[in-house]
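Since chain A is already given, all that's left is putting chain B on it; use the hints.
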Amino acid sequence: MNPTQTLWQFMHQESGKLLQQTAEHIGLTFISLLIAILIGLPLGIWITGRKKAAGFVLGFAGVLQTIPSIALLGFMIPLLGIGPVPAITALFLYALLPIIRNTYTGINGVDPVVREAAVAMGMTRSQVLFKVELILAFPVIMAGIRTATVINVGVGTLAAYIAAGGLGEFIFGGIALNNTNMILAGAIPAALLAILLDFILSLVQRMSRKKRRTALRIMPLIILGFSSFYMLPMGYSSRLLAGFTPEFMGRSDGDIGLRSVYGLKIKTVVISDAVMYKAAFDKKLDVISGYSTDGRLNAYGLVVLEDDKKIFPPYYAAPVIRTAVMDKYPGLAPVLNKLAGRINDSIMTALNYRVEYLNQTPEQCARDFLTAQGLYKEPGKEPGRSGEQGTIRLGSKIFPEQYILINMYAMLIRGYTGLQVETKTGLGGTKICFQALVNNKIDMYPEYTGTALLAILHPSPEDLRRLGGKKDPVYNFVQSEFVRRYGLRWLEPIGFNNAYALMMRRSQAQQLGIHTITDLSTYLKKDSL
Amino acid sequence: MIEVKNITKTFGGFRAVDDISFSVEAGENMIFLGKSGCGKTTLLKMINRLIEPDTGEIRIDGTVVNDQDPAVLRRKIGYVLQNTGLFPHYTVAENIAVVPRLLGWDKDKIRERTRTLLEKLHLPPDKYFSSYPHQLSGGQQQRIGLARALAAYPPVLLMDEPFGALDPITRASVKKDFKELDELRTKTIILVTHDVQEAFELGDRICLLDKGKIVQMGKPAELLYHPANAYVTDFFEDQRFQLEVKMMDATDYPALMRAFTHLKNRTNA
Numbered sequence: 000m001n002p003t004q005t006l007w008q009f010m011h012q013e014s015g016k017l018l019q020q021t022a023e024h025i026g027l028t029f030i031s032l033l034i035a036i037l038i039g040l041p042l043g044i045w046i047t048g049r050k051k052a053a054g055f056v057l058g059f060a061g062v063l064q065t066i067p068s069i070a071l072l073g074f075m076i077p078l079l080g081i082g083p084v085p086a087i088t089a090l091f092l093y094a095l096l097p098i099i100r101n102t103y104t105g106i107n108g109v110d111p112v113v114r115e116a117a118v119a120m121g122m123t124r125s126q127v128l129f130k131v132e133l134i135l136a137f138p139v140i141m142a143g144i145r146t147a148t149v150i151n152v153g154v155g156t157l158a159a160y161i162a163a164g165g166l167g168e169f170i171f172g173g174i175a176l177n178n179t180n181m182i183l184a185g186a187i188p189a190a191l192l193a194i195l196l197d198f199i200l201s202l203v204q205r206m207s208r209k210k211r212r213t214a215l216r217i218m219p220l221i222i223l224g225f226s227s228f229y230m231l232p233m234g235y236s237s238r239l240l241a242g243f244t245p246e247f248m249g250r251s252d253g254d255i256g257l258r259s260v261y262g263l264k265i266k267t268v269v270i271s272d273a274v275m276y277k278a279a280f281d282k283k284l285d286v287i288s289g290y291s292t293d294g295r296l297n298a299y300g301l302v303v304l305e306d307d308k309k310i311f312p313p314y315y316a317a318p319v320i321r322t323a324v325m326d327k328y329p330g331l332a333p334v335l336n337k338l339a340g341r342i343n344d345s346i347m348t349a350l351n352y353r354v355e356y357l358n359q360t361p362e363q364c365a366r367d368f369l370t371a372q373g374l375y376k377e378p379g380k381e382p383g384r385s386g387e388q389g390t391i392r393l394g395s396k397i398f399p400e401q402y403i404l405i406n407m408y409a410m411l412i413r414g415y416t417g418l419q420v421e422t423k424t425g426l427g428g429t430k431i432c433f434q435a436l437v438n439n440k441i442d443m444y445p446e447y448t449g450t451a452l453l454a455i456l457h458p459s460p461e462d463l464r465r466l467g468g469k470k471d472p473v474y475n476f477v478q479s480e481f482v483r484r485y486g487l488r489w490l491e492p493i494g495f496n497n498a499y500a501l502m503m504r505r506s507q508a509q510q511l512g513i514h515t516i517t518d519l520s521t522y523l524k525k526d527s528l
Numbered sequence: 000m001i002e003v004k005n006i007t008k009t010f011g012g013f014r015a016v017d018d019i020s021f022s023v024e025a026g027e028n029m030i031f032l033g034k035s036g037c038g039k040t041t042l043l044k045m046i047n048r049l050i051e052p053d054t055g056e057i058r059i060d061g062t063v064v065n066d067q068d069p070a071v072l073r074r075k076i077g078y079v080l081q082n083t084g085l086f087p088h089y090t091v092a093e094n095i096a097v098v099p100r101l102l103g104w105d106k107d108k109i110r111e112r113t114r115t116l117l118e119k120l121h122l123p124p125d126k127y128f129s130s131y132p133h134q135l136s137g138g139q140q141q142r143i144g145l146a147r148a149l150a151a152y153p154p155v156l157l158m159d160e161p162f163g164a165l166d167p168i169t170r171a172s173v174k175k176d177f178k179e180l181d182e183l184r185t186k187t188i189i190l191v192t193h194d195v196q197e198a199f200e201l202g203d204r205i206c207l208l209d210k211g212k213i214v215q216m217g218k219p220a221e222l223l224y225h226p227a228n229a230y231v232t233d234f235f236e237d238q239r240f241q242l243e244v245k246m247m248d249a250t251d252y253p254a255l256m257r258a259f260t261h262l263k264n265r266t267n268a
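Read top to bottom, the protein sequences are chains A and B. Numbering that gives the first Met the number 0 puts the first sequence at residues 0 to 528. Numbering that gives the first Met the number 0 puts the second sequence at residues 0 to 268.
For the record, the hints were derived by calculation from the structure and aren't laboratory data. Accuracy of the hints is not assured; some may be wrong.
[What the hints assert, rightly or not] With a straight-line cut-off of 25 Å between C-alpha atoms, the simulated SDA-like cross-links for lysine to any residue are:
(1) A/Lys130 x B/Asn82
(2) A/Lys130 x B/Gln134
(3) A/Lys130 x B/Leu102
(4) A/Lys130 x B/Tyr127
(5) B/Lys174 x A/Val112
(6) A/Lys470 x A/Arg484
(7) B/Lys212 x B/Glu27
(8) A/Lys209 x B/Pro124
(9) A/Lys209 x A/Leu223
(10) A/Lys130 x B/His88
(11) A/Lys209 x B/Arg110
(12) A/Lys210 x B/Tyr89
(13) A/Lys130 x B/Arg100
(14) A/Lys210 x B/Tyr127
(15) A/Lys210 x B/Arg184
(16) B/Lys245 x B/Pro154
(17) B/Lys44 x A/Arg124
(18) B/Lys106 x A/Arg212
Isolated chain A (complex conformation) (with noise of 0.2 Å):
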């Protein structure tokens, strides 16, 4: 990926992905609004003149709202899977409130004169509703669903981390890769979305009294439109269904790489590698961007197949460290670089699998290690035997080997010199972490050589392929330039390879005859014809 490229270039090269994209980003929005019309409107409607079931239902729905997003699509796994589903299923709950409110608010906001004059008329029940209460509530209801879908536009976002697509896959593809060119082409249309789609509902909110009846007629129908746009047919078919990390999606020894070397054409989407290997185990998925030594490898039956055409660069995890900590700190280094080789890919697997799958604590996980290894101490015992003293700033990305490794790394600081820790886990993605290191947040974190190329240096294609993803000269290559470019130091590698691997279920696998990248390329070719 050239890292001179502008925004425009970006968008202009992945046009089709970003048009793909706005085009579910919108379905979803729609969907789930028309569906929370359907339900929220009749609702609204139902509890005015009801005010012990109003109190009930507003509560409730307000309750809904008050769950964190992330965490109401984590709920959403376990009942519904992956994919449109869910995410439809959240962003409904949450575009339920603005629009129940906002009705029951609008009805009951109607004069009781005009009310009491329609009955007296003698019109019954529903036509008071149709011909009066529902016209002069007109634009507080409008305000309720415009509410409700600059809310779906912005929670919209999150569909990509279980497969639904939409323009978060751009936008968490770009953090995960230290992308801004990815981010902005995910997170500029989503707000021009926002913005456009909260302008047009505005006129019609401000529509005269005249044109709502016209209106009222003639909204389902876009809205009907809009949420068929999900329905367009997306990609490639075959037979056999692809999930990829944001992050693999994205990069050149991932998706554009399989498709490029390997010529792969697989249906395909986007999902958080927290739910992923499940959905694998499920049959949701066949094929998975995984990592080589994830512990869920093991738990969950999959196979990684060989990359015989040698698209994944090594990814050897070591410690980063700022120059100037080293240099304050000269006993420091010697202290972390105890785990210099410590951890093969089994060892580091095994661990993983502890603490996905056993649902042990990372820090346990790491005491246990240590122990067996005979390294570990107990904090105190030799006190600044350096005389040194101040506070070490540890990070970590958010999954489970960093955490691992961050715990290692904290129990050897503490017993090995009179320095304290302070943890900073979660940092999200590689870019998150990094610019926390270049910008003196945190003092080291553990990272990958193959990321560290890729996602941040962003080599030339001749430097890319002189090193020709062999680990010393990957290494060395990320090292000096990390030194130069950043003053950031690379420890000793720990060991391990957490490379990126393609991964299906054993049985199918076996059932299929598919052994390597290409065996999968192959059938899929021949499956096509």
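Below, chain B without anything else, positioned relative to chain A:
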């Protein structure tokens, strides 16, 4: 003809209407007169079932109102509200056409009827046909409210303080149009007011109410000259002179002298 038998209405322990019976002849103007809270509006609204009585029975032309579909019943009863209650989202013409439309009249008939009513109420149809209520003055709005009540030729008209919200000058002019309206002569009208002058001006009979009961019912002269009790006398005392003048024929000299004497005595007392 409207017959009301033994009706009672209680609101949370408060007896708004307490066992009232009376009847209104066809074509008669009946006035419900009384102070606020005397039950006159509650009584009126029970006739078109905006309020349901607890006990008792109301018949219009022999049919019990509570046996009818309320919506169908109300389309046959004109209703004028104090604060007009015009539909703000309807034009003047659409407001007047509400009941004819509910009754399914054809478009030309509705249009013609609307124009006729606007002309009778001195609102040039071409000017006001497509206006909205908020573009009209209070007096004009009240005229439209009256036109809306009359549009479908209801034999019965209920009016709840129809001039109550207007300033004195507008009130006089609207009342004048109201009295000149030929259509009203044949209708059975019940009008609620707290204004004694208005009651005497418009009523064939007056029903004076207090605390949910009828104190006295009869022709204006009966109430004035043959009060049933002290409450009735006191009720008219402040305006007795104007009322007596209003009652009399200007050539009836002795009656005029009696009125002046009464006024003088009162002033001296």
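Point to revise | Earlier hints that do not hold, by number | key: Numbers 15, 16, in rising order.
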